[in-house]
Structures are given as C-alpha cells and as structure tokens.
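There are 2 protein chains.
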Amino acid sequence: MDKAAFVAGDWGTTALRLFLCNDRGAVLAQQDGPGVSARREGFDSLYDSLIAGWTHRHGPLPAILCGMVGSSLGWAEAPYLECPVSPDQIGSATLPLRGGQIRIVPGLTCKNPFGAPDVLRGEETQILGALDLSEGLRSGTHLICLPGTHTKWALLQDSTLLSFLTAPTGEIFALLCNHSVLVRATTPRAQDDAAFAQGLAEVLRFPQAQILHRIFECRSRLVRGQLPAAAGASFLSGLLIGADVCGAMQVMSKPRLDGARICVVGDAKLARLYAQALSAQGHETQIIDGRAASIAGLGHVYRLMSAPEAKHARR
Amino acid sequence: MDKAAFVAGDWGTTALRLFLCNDRGAVLAQQDGPGVSARREGFDSLYDSLIAGWTHRHGPLPAILCGMVGSSLGWAEAPYLECPVSPDQIGSATLPLRGGQIRIVPGLTCKNPFGAPDVLRGEETQILGALDLSEGLRSGTHLICLPGTHTKWALLQDSTLLSFLTAPTGEIFALLCNHSVLVRATTPRAQDDAAFAQGLAEVLRFPQAQILHRIFECRSRLVRGQLPAAAGASFLSGLLIGADVCGAMQVMSKPRLDGARICVVGDAKLARLYAQALSAQGHETQIIDGRAASIAGLGHVYRLMSAPEAKHARR
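Order-wise, the sequence lines are chains R and X. Following our numbering, the numbering of the first sequence begins with 1 at its first residue and continues without gaps. Following our numbering, the numbering of the second sequence begins with 1001 at its first residue and continues without gaps.
Just so you know, the hints here were simulated from the structure itself, not pulled from any lab data. The beta-carbon is built from N, C-alpha and C at its ideal position, and this holds for glycine as well. Check the hints yourself; a few may be wrong.
Some residues of chain R that are not near chain X, with every Cβ distance over 12 Å (derived) [said to hold, decoys possible]: (1) G59; (2) Q210; (3) E217.
If you want a taste of the chain R side facing chain X, the calculated C-beta under 7 Å gives, among others [as the list claims (entries may be wrong)]: (4) A116; (5) P117; (6) L165; (7) C177; (8) H179; (9) I215; (10) V223; (11) R224; (12) P228; (13) A243; (14) Q281; (15) E284; (16) I288.
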C-alpha cells in the first residue's frame, strides 16, 4: 500500500470530507463527517476521532483543511486574504493549529465588479487545484465558474486571482423548490432536459430582463397548460442558471478573455448544466471535477508547506 | 344605521375578508376568515357561518367575491378572461352561485411582455376599484403597480387592461428572510430606511445587472463590516424592489406613458417603498390603498349586477 503522507480536508457548511493522501496527493482513504453549521465547538475531538484509524496505522499526520472550518463559526478563524492573490500567497497564509501540524487555508475577499465586498472560503482551494490539474489555465486571462449553492465566478490572469462574484443561484433554486407555490412541492424532481433547455432559451430571448420577472412563469405556464407540473423545477433551473451565466458574462468578461474556454469546476451534473448554458451563449467550456479540484488544491498547499524552505519559514 | 345592501368579499390564498356594504359601497361591518389554502371544501358553510349575524339582521344578501376563491382550489372555478378586457367585460363575466345571489369575479390571463402566459386573481378587482377611485386613470395610458407576495404590473389604455406582468418579489424576499443564511434569521426586522435606500441606490448604479449577482452582498457586506446585521433585510428589500421597478419600467413602459404618474395600489407601507423606488427612477406616483381598491372594485361589480338591464340579462 502507498505510504500515507497527509490528510486533506474539505470542511464546509454542511459536510466534512477527509481524505488520506500519499505525497503525490492520491487518495488512499476517505472519512466523512458533519459540516460546520452542525456544531459550535468540539472541532478538535471530532477531527481526532475521524482520523483515529489513520493515525493508529500511520502515526501523526499533517493536515491541510479548507472551507468554512476557517470562518468565525469554524474551528479557528483564518482571516480573509485580499485579491489580487497568487497561489503562493494563498499557500503561505495558512493558519497553523497544533504547532503547524494542521493548517487551514484562508478564504478570500475582493471588490466584486460592482465595487462591493465579496467573500469565499473553499473555492480558493478548488481554484488552486484547477491550476494544478489544467496547465492551460496558468497563463493568460481565464474565467472560472464554480457552480453550487453560492456559485462563484473567478477571474484569473497568469494564475493570479483578480476578483470574483457570487450568485446564490443554487440556494434560490432550492428555496423555491422546497417552499414556494411556484414550483409544486409534490413535483418529482427528475431533471427534465427539454424544460431546462426551454428555460435557458427564454432567458436568451430577453437577456436584459430581470429574472424576477420570469420566475412566475413556472406557475403561470403550468396553470395555462404550457408546462407539465413535473417539469417546473427544470424550467426554473434553466431560467436561473441562464440568468446567472448571462449576467456573469456581462460583468466578468470585460477584460478580454481572448476566446479562451470558460472553466467550470463542480460536480458533474451541475457543471454540465452550466456548460450547456455557457455553450448556448457561445462560450466553449472545460469541466473539472469539483472534488478532484479540492483534493488537488489541498495537495498543492501541502507541497508548499512541506518544501524545506517553507518548513523553515513557517515553523 | 345605513341600510345593508350587499357583501363584498376578498377571499385570497391566505385570508378572507368579508365586508357588509351599503348600496354606495361604504363598509358597515367586517368579518375575517381563513384563506383558500387552508381548506379544500366547506366554502359554503364557512361563508354562511361568517355572515349569519348579518343575514339574521338584514335578510338574504347578495355577495360579490374575488380572489383565489374563484380558482381551481377555491369554491368554484371562474375561468380566466383573456386580456385585453374592459371593466364591463369583467363585470359581466362573473360566475353565479346559488342562482346568482353570490357572484365570483373571474381572474385574468394575458401574454406578458415576453410572450409567456401570465395570470392574476383578485388584482382585476383592485384595478376596477382604482378606476372608480381615481378619475384620472380612466383615459389615456397608465401603468398600475400592485405590490405584494406576487407583485403585478398592469398596463391600461382608456380603462382597458392590455396586459400585465408578475414578479414574485415579496415571496422571494420572505423566503430569503425566513430560510437563508444570507439574511440572518435572528435579525430584527424593523424597517431600516437608510439600508433600504442603500440597496435601491446600488440597483440604480448598475441597472443592467442581474439581481442574482447582488443578493449575496447582504451577507458579504455584513461579513466585511459594511452593513449592520439588523439592516440586512432592509438592504435586501431595497435590492429586490429596486430590481422589480427597474425591470418592469424597462419592459412595461414601451407604450408611451405620456409622463403620467404611476399608480401604486397596495398596503400603505409596501406602497411607500415602491413609490420611493419609482421616484428614485424619476417617476411620479399616486398611491391608492389596496383594501379600499378591493372594496371599490367589488362595489363596482355589484352596481353592474344590480342595474335593471343587468338583472334581466343575468337571471
């Protein structure tokens, strides 16, 4: 069996995923646990109990953690780094716990394209990972889309993260599906590709429209017999993802992207929907698996930390 | 005491308000009851029990009802009328119950500015009432805004309702306040005028932006110390109402409104916020109380029904 080298941890709001990795960042084992929102304390003991089997076999292991574990509600607060930031700056600003055996990757803050503050935690690590996994991203100007509950759009130039923008697209979709009369709660939620494409096409017909003025169509089209009840959620998904993509391309692509492909980092199903929306608006895409990007990013930080000069500087 | 002439009923999704009126439509007494969503049957007996005191004193009374009571989930389904419709057409298309003693005002359907079906129930009666209450609305082109859970924007020409547009602005605001991490659930909900104005101003600085890309600022501004936690809901309200007004004026005001004031029909507090958003975008407004408009509209239909020729035609 490969020699275990470190623990890579993605500890978000709703879930904790710990990966036992070798020194090349390959995953040897996985342990899941509860997210940050489920607790206010006991991060220490929870972490130790989850990796007990690994330390029993391999001895003490260094760990790199990212996500909400570094927020004011997490284990310890790793202050936000200000954009623009390079991968090395992120890697050198980790918060050490237990004398540096555990390191928490800091979140980032920036001014969004509207001049307002924006923040992220966890996605910085996925972006580091995407840069590791895709050499083509490392030079030139690139837009990375990280879809999810809070979708992030990040603008990179020569591997430096210039700024980003958050859209709570996934959260609003879930709120409407779970609590609104507009999408029936009894509706089966199987993805309906035709309804998704229809919602997307509607947004593209009127790209300047406020999405607020299209959402009621989930209900009115059903009432008027123009949309099957079971297709409401997918139609809504097409509207919301279409509006997210359309609006983001308007404000994020002002620096010339030189025809570069848009990189979508996320789980396969959601990334495919965003890629479809980007493609419908004329943009080629490259998809990188979100879990792979997290692990690669944590491995990137581990290697920065364990380089001899880094050990010297950090300890 | 004034002589009771009829019962005016606004029976919506969440509430029933019955008004005992004289023949000029003045309210003599009021009874409240549960909305349509609370029941699937027993509308007959509920109605009779609520007005029992009135019929005991005044004998059998004709009634005009509007709202979701006429939907497929209500007492009896009054089919949608297609726009464009005149007040007389609405008044002559009521659904008779109990041999015409009770009449339900039909809802309306139209193609919205995007060519999609839209529907309303209850607001048609408030629009009839607004026309009764404000002579200036009866000729020329006018835009009426009826803010609420599902805000309606209605375009009138010479008293004929041409089309309308729905925005679930109030519903999305409530969903985010009640269920989202973006606006803290523990936040006191007192209106913060400065935060509302700030949200509104942000929308006006970037009128083309998708509101999806501004909502996260409720959270990120708080995290970065630029918005007090207690002000989050009001900031969100400014963003959403600003986007609703901005988007609606773009798509609804294409027919020349001839500098006419925009009429806002709703409860005082919400109407004031919409008037503020309209004013910030350079539009003068006139506010009509939503309850008064409902009662006036129901009275309008009652008078149409009780005119001698109408009695002849309807019975």
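* Non-conforming hints, listed in increasing numerical order -> Hints 2, 3, 7, 12, 14, 15 and 16 not satisfied by this model.
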